[in-house]
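Visitor: If you're matching them up, the sequences are chains F and U in order. Just so you know, our numbering puts 395 at position 189 of the first sequence, and the rest follows in order with no gaps. Just so you know, our numbering puts 80 at position 77 of the second sequence, and the rest follows in order with no gaps.
Hints listed in this document are in silico derivations from the structure and should not be mistaken for laboratory results. Don't take every hint at face value.
As the list claims (entries may be wrong) - Below 30 Å or equal to it, Euclidean Cα-Cα: the simulated DSSO-like pairs (lysine-lysine) are:
| hint | chain 1 | residue 1 | chain 2 | residue 2 |
| --- | --- | --- | --- | --- |
| 1 | F | 442 | U | 45 |
| 2 | U | 95 | F | 371 |
| 3 | U | 191 | F | 518 |
| 4 | U | 45 | F | 545 |
Quantities reported herein were computed from a predicted structural model and do not represent experimental measurements.
Spelled out, the chains give:
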Amino acid sequence: MQSKRLGTFSLLCSLALLVGFSDAATASAQAPTFTVGWSVYAGWNPYFYMQKSGILKKWADKYGIAIKVQRFDYAASLDSFVAKNIDACAMTNMEALDMPAAAGVDSTAIIVGDYSNGNDAVLVRDNLTFQTLPSKPVMLVQKTVSEYLLERGMVLNGQQAQLGKLHLINTSDSDIVAAFLNNKSNEAVVTWKPLVSQIVADKSVHSIFDSSKIPGEIMDLMVVRSEVLNTPNGQKFARALTGAWYETIQQVAAGQANALKYSAAASGDSVESYKEQLKTTALFVSPKSAVDFTDGPEVQQKMDLVRLFCFKHGLLGQGIHSVDDVAIAYPNGTVQGNKARVRLRFNSAYMQAAEQGKL
Amino acid sequence: MTNLSPFDIQARPNRLLAQALSCVLFVVCIGLYMHTSVERHKENAEDRVVPSGHQLVAGIRSAVLEPAEEDDYIPAESASTWERLRHSMIWKDTASSGGRFFISLALLIPFVVLAVHIGLFPWFGAGFLRFFLFFDKIVALSLLPILFIAFGIDQWSKIALIVIGVAPTMILDVTQMVKAVPQEQIVKAFTLDANNFDVAYRVVFRQVLPQVINSLRLNLKPMMLFLFAGEMIAASDGLAYRIAIMRRHMGMDVILPYVLWVALLLFLIDFSLRVINRRLHPWFQA
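In isolation and in its complexed conformation, chain F is listed as follows (with noise of 0.2 Å):
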């Protein structure tokens, strides 16, 4: 009796992995399946509409590919593409060095979107100057942009010297602004919109450094993995994807209603908060802006600034040595670091084609 209830058992198991498996089989025969993840930042809500609105599905639909838009946390969508449960992400210059690059994933960045252009700000109450804030807390998610835009204000302001003295403390976005508003010995923090704006409307709180003063430093990106781009369905995807997105992209710009309505619906903000938001984005609209700011000097400047922060903040990894050790290639075939061990790629091809028209 009590090994014919087992055997039934192991039945019924080996039945439920042949269902399975052949779900996985009957998936994979039909077109192939990309997915790309984005969270919500003025920069990216466009991939809500994008998808909305169908644009995606034609643009896949040309290439004889499925893409799916999947949206999440900024955190667990940088994990999820690290651990390739993704194939592309929405994603900043700095996490995309120091996340799948540092961690030898091979990513590719094939759309230079925006850059943050007073999106990011740091925000204090009474007069605090930079002179004055190494002996006051400062609030902020620590090992960010955040962190780098203080730094970066810090030095530009002639206080380098002090950068060891500053007294972070690490505070997660989703309760940055309650904890900060309500208690009115916090002086100081470091964040981005739409949170900066909710914090500004107190009007004893104001800017004193933002993004816009570090120009192209601070830049979104849609980055996708290496080992999908070098096959023949991953590049068609590439295609479809910077596609869809300057078809989506200029509609934002253009102020379509439903381009607006559904961007700013991705992050729950008025059309009104958004387009404020878009202000201080600074979009690269046309395909051919954000080749020639991809191709020129600038960016390899401003990426080493990043990738030595990032080295100095250890956030390379334990085992990394030498800042080098995680390289960047450029279009123009420029490699920063050691070029046995290209781990980020600028590649501006798709966004050409896109210019000319070859998409």
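Based on these hints, arrange chain U on the given structure of chain F.
Guide: Here is chain U on its own, set in the frame of chain F:
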């Protein structure tokens, strides 16, 4: 011949077999981990998600022997291992988290005393019981913004989170224990000329104390959970702070040792409470 049937209540594996069986799942877990790690490293030699043994050793070394990144301290070339240990990242984090943990533990004591009163004195019961019944169902984490206003973002908001999270449960639990003490004993103590406080502290409290300690042992993990939640949301030191920071660049080589270290600490606290309980109350059969 040993009976080898696993579905026989009377069957008892011999000592050696029992020991071996208890290790099986550990070995399976470690094996699965190593397998995954090796597979992932074959594909990507720098994988950080499932660090290899080599990476783990390097992670442990830097956690145990090197100072935290935000500290100014630089160990002298000749610094002894003990000297390095005392200024290390893990020591610093353990000290600050441990401080918060034990302060909250101490703050639970008055609540236990209050619970004895609630269970025993009808006036206290009328005043407090319903309130704590209600408060017990409040999800403390969602109150965090209010805690920030009341306690600031330093030490005390985290301690308050732990106490608010755990105290109501403890109170209800202890109240139940007190109510379970047979009424006859209380009457008897009164007939032997005990006063109210004799009954409360020398008859009832003494009797429920071992159960209270057991209840505390069960609550250690929720306490740690609340501490972690608090430290991950806003902190500048602590075990969970480090894990939150390390997560930002996938420093699993440090996170995994930290997780095991926390597990060990919890086990040790639990174990010492159990030993104390057995020493103090040899008559109590748990």
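Visitor: Does the alpha-carbon distance linking residue 442/F and residue 45/U stay inside the 30 Å limit?
Guide: Distance of about 28 Å is within 30 Å: holds.
Visitor: What's the verdict on residue 95/U and residue 371/F, does the C-alpha distance respect the 30 Å limit or exceed it?
Guide: This hinted pair holds, its Cα atoms lying about 18 Å apart.
Visitor: Against the 30 Å threshold, does the CA-CA distance of residue 45/U and residue 545/F hold or violate the hint?
Guide: holds, 21 Å
Visitor: Hinted pair, alpha-carbon criterion (30 Å max): residue 191/U, residue 518/F. Please report holds or violated.
Guide: violated, 73 Å
Comparing the model with each numbered hint stated earlier shows that hint 3 is the single one that does not hold.
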